Amino acid sequence: MKRLTLFATAMIVVSLALVSCGPQAPEEGSAAPTSPPEPATGEEPQHGGTMVLTYQNDIATLDPAIGYDWDNWGMEKWVFDALLDYDVDMNMVPHIAEMPEVSEDGTVYTFTLRKGVKFHNGREVKADDVAYTITRVIDPETKSPGQSFYFTIKGSEEFANGEADSVEGIEVLDDYTIRFTLTQADASFLNVMALNFSFIVPKEEVEKWGEDFGHHPMGTGPFVFKEWVPGQKLTFVRNENYFRPELPYLDGVEVQIGVTPEVALLRLEKGEVDFLGDGIPPGEFVRLTQDPAWENRIVHAVRVNTTHIALNTQVSPFDDVRVRRAVNMAIDKERIVQLLNGRGKPAVGILPPLMPGYDPNIKGYDYDPEAAKELLAEAGYPDGFSTFIECISVDPEPKLCESIQSDLKEIGIDLEVHTLASSTVINDAGTPGKVPMVWSGGLAWTQDYPHPSDFYGPILGCDSAVEGGWNWAWYCNPELDARELKARGMSDWDASMKEYQEIFQILLDEAVWVPVFHLEDYNAHSDALHGRVRDFIHPVHDIWAENLWKSE
Amino acid sequence: MRTHIDASEQPIRVLEDADRLPEHQSQLALVWRRLKRDRLALLGAVIVALLVLVAIFADVLAPYDPTVPFDDGLTLQGMPVPSTLPESSQFILGSDSSGRDLLSRIIFGARVSLTVGVLANGLAVTIGLVIGSIGGYFRGWVGALVMRFTDMMMAFPSLLLAIALVAVLKPSLWVIVLVIGLVYWTWIARVVYGEVLSLREREFVTAAVCAGASAGRVLFRHILPHLIPTAIVWGTLGIATNVMLEASLSYLGIGVQPPTPSWGGMIQQGQYYYRSAPWLILFPGLAIMLTVLSFNLLGDGLRDALDPYQRR
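The listed protein sequences correspond, in order, to chains B and X.
For reference, each letter of the first sequence is one residue, going 1 to 552 in my numbering.
For reference, each letter of the second sequence is one residue, going 1001 to 1312 in my numbering.
Looking at chain B on its own, in the form it has when it is part of the complex (with noise of 0.2 Å):
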């Protein structure tokens, strides 16, 4: 038994070694590839078919008023609508309303609703359902991260602190016709109502399931939410009476939850899979691009987000500011990039290039060990300190925030690494005083809509530095608020933006965040399934399902 059992470990070594012989390390092309070009034209969308989709974790919550996260975000796109929409070029175009009639200050927003949009449940949408949206984005019991957007609306501030009973600005002319009146001019005014939080949501429903609706969600959207199997799989199927009677294409898509990269890339390769939710895996990736097979299927588009490591203010010793700078000099950006096959840009401020505001010159933190252990010895700790930060489970963000903790071992700090699941992570990043440090790779922050006050108001203004807000550096400057306030109000865009760049550049100063990596993306999907780039990677409804279709 004993030399079988010997024999056999023999055999199994062997194999084993001649297998590992085989595949060594690709050649070495250039740094990452550059996109493929788009799709020739003239290919006629055909109907029909189910898109199947992976993610490893599960979706947080499909309420629009309250997910927040890159997995939810695209997704409540197919299953809402909101007043106005983007098209393919980000151009801002009516979608359940027409373009408002705006007043000549700048203060007075009209809307007037399409006629014979209905929700899922066949009732048609009325002004009352957008009035009721809003507030209930506003409403305090709903703990909205994306309630600091509608603050510029009269009266929002008075009902959000529970000083009023309804918001005054939200105004319902008739049927078809709303009002919103705000308390200055704001440029981002109109990007707020083509956002996710303004998504129509039927009353009786949300009021039907209550904190549940997010597991039940119902809108007018492209497609009926059908069923949702937790940690298993989400189903969708087509809306036959949406009001763009043509789209979508597609009959339904399938949501497979509880695959990691790897597999999700596996099934893919094999036909059963048509998009990679969670993207390529790094493992995969050289191998991947190098394949003439893939050309074609591979999408590539620059996203406009910062990745970071958010340091909470709240919590010690992140108060101090020359510790945040220690830790924002301590950082080995390059070689996060690397390890993400080199898919994206190191950061040095807060903005992403493609976003309006970007200050191209603007005095960050170089990489510097020694000058960062100094610092931390200057604020009190020549012998570093002890801390944690939380990560994502998904492959590859653990393996980035262990190169965070090499990088933070160098100048002394001892640094643990919790990878959890997404919704834990949001959730814990959340609560105040929890966590001194958040990774955000995999989860944030990317553009709702391309202007500067997007990085401001629901990640670094005091209002978001609540529990369930997304500010999760907990940083709170009430003159940067007004300062924000007021650029947003000006009329004068190039004075506006380069408000913004000040306001930016004293962030940077403050070291709240550690602006690791602008990300590129990249995708891969089966032959079977179709559409232009921006259909696959849309810059803010991220997968645009309703223009996607498969042939067969």
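One should not assume that every hint holds.
Restricting the straight-line Cα-Cα distance to at most 27 Å, the calculated cross-link-like pairs of lysine-lysine (DSS-like) are [to be verified]: (1) B/K434 - B/K409; (2) B/K143 - B/K434; (3) B/K363 - B/K409; (4) B/K126 - B/K115; (5) B/K434 - X/K1170; (6) B/K409 - X/K1170.
Going by beta-carbon spacing under 8 Å, a handful of chain X positions derived as facing chain B [claimed, not checked]: (7) T1067; (8) G1078; (9) S1088; (10) S1097; (11) S1198; (12) P1259; (13) T1260; (14) Y1272; (15) Y1273; (16) R1275.
If you're looking for bench data, these hints aren't it; they were derived computationally from the structure.
Bear in mind the structure is a predicted one, so any value in this text is a computation, not a measurement.
No residue lacks a Cβ here, since even glycine has one placed at the ideal position from N, Cα and C.
Mind docking chain X on chain B? Use the hints.
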């Protein structure tokens, strides 16, 4: 009184020197002789000794600090580097997915695996001996209670129990040792229980009880020495299982925390590169296999050598 015994008449054979009742020295000599003859057990013993040496002298043997990533540990596109032999001896086994030297990590991983394996097993054997003896010795409800408790603990799937315990306490080396020890003692307890059940019927126990020895004294001074062979065998065989258990926990991400190298953890990180860099899984896997195999061989050999019913 007869002084001469005629061998041909007696049904009991005459005691010869070598078979005289155990004086420690000759028992050991007997065991050692049997072991020496068992080639596979010797092989196991040698490999175990080597592993222990590697673990102890890891600092000296490993070319680099296992937690330090290197700039040339990654290709331009962020992939791990295969073995640099024969051109250079920088990365003898290649680098891992974060650019650290694989050989150094394997060597230091031996430290974690063996420490956990030996300590956790020691804990398990101790607990198992105590509980099994109590269960086997005391008649009535004490014994029954103890053994039913053991059965209950045994019914729990061990990996799930380990996961649940680690979730409550934070994962660290000592917590893992504790957890594995707390999960693994049941098997030993059962075996000890069976042995003690038969041992307590022996005359020397009756004699001790008659002489007024307390239960504790009987257990400790009289029964326990007979359990030593069992303890040794389980002590060795159990290490293999515990090394696997530690590797499983690290693979699931709840074992030893990064960047401390653990073979199971290395497999977990290397799994994403199974196609592009299979050496990341191959080498830690081989290490685990070698460790488990050698402890098993040694343990089997010890069990055969210590078996009192062996005639060889």
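Going down the list of hints, with the structure as the test:
In summary, the hint linking B/K434 to B/K409 is supported, as the alpha carbons are separated by about 22 Å, within the 27 Å threshold. Taking the CA atoms of B/K143 and B/K434, the gap is near 18 Å; set against the 27 Å cutoff, the hint holds. Proposed proximity of B/K363 and B/K409 is supported: the alpha carbons are some 26 Å apart, at most 27 Å. With a CA separation close to 8 Å, the supplied pair B/K126 and B/K115 stays within the 27 Å bound.
With a C-alpha separation of about 16 Å, the suggested pairing of B/K434 with X/K1170 holds against the 27 Å cut-off. For the hint linking B/K409 to X/K1170, the alpha-carbon distance of about 21 Å falls within 27 Å, and the restraint holds. Checking X/T1067 against chain B by beta carbon gives a least distance of about 7 Å; that is within 8 Å, so the hint holds. Taken as an interface hint, X/G1078 checks out: its beta carbon lies about 5 Å from the nearest beta carbon of chain B, inside 8 Å.
With 8 Å as the threshold, the beta carbon of X/S1088 stays out of range of chain B, its nearest partner Cβ sitting at about 15 Å, so the hint is violated. Given hint, X/S1097 at the interface with chain B, holds; its Cβ is 6 Å from that chain's nearest Cβ, closer than 8 Å. Here the hint on X/S1198 is broken, as its CB sits about 27 Å from the closest CB of chain B, past 8 Å. A least Cβ separation of about 6 Å between X/P1259 and chain B falls short of the 8 Å threshold, and the interface hint therefore holds.
A least Cβ separation of about 11 Å between X/T1260 and chain B goes past the 8 Å threshold, and the interface hint is therefore violated. With a cut of 8 Å, the hint placing X/Y1272 at the interface with chain B holds, because the nearest CB-to-CB distance is about 4 Å. The criterion of a C-beta within 8 Å of any C-beta in chain B is met by X/Y1273, whose closest approach is roughly 4 Å, and the hint holds. Because the closest C-beta pair between X/R1275 and chain B is about 7 Å apart, less than 8 Å, the hint holds.
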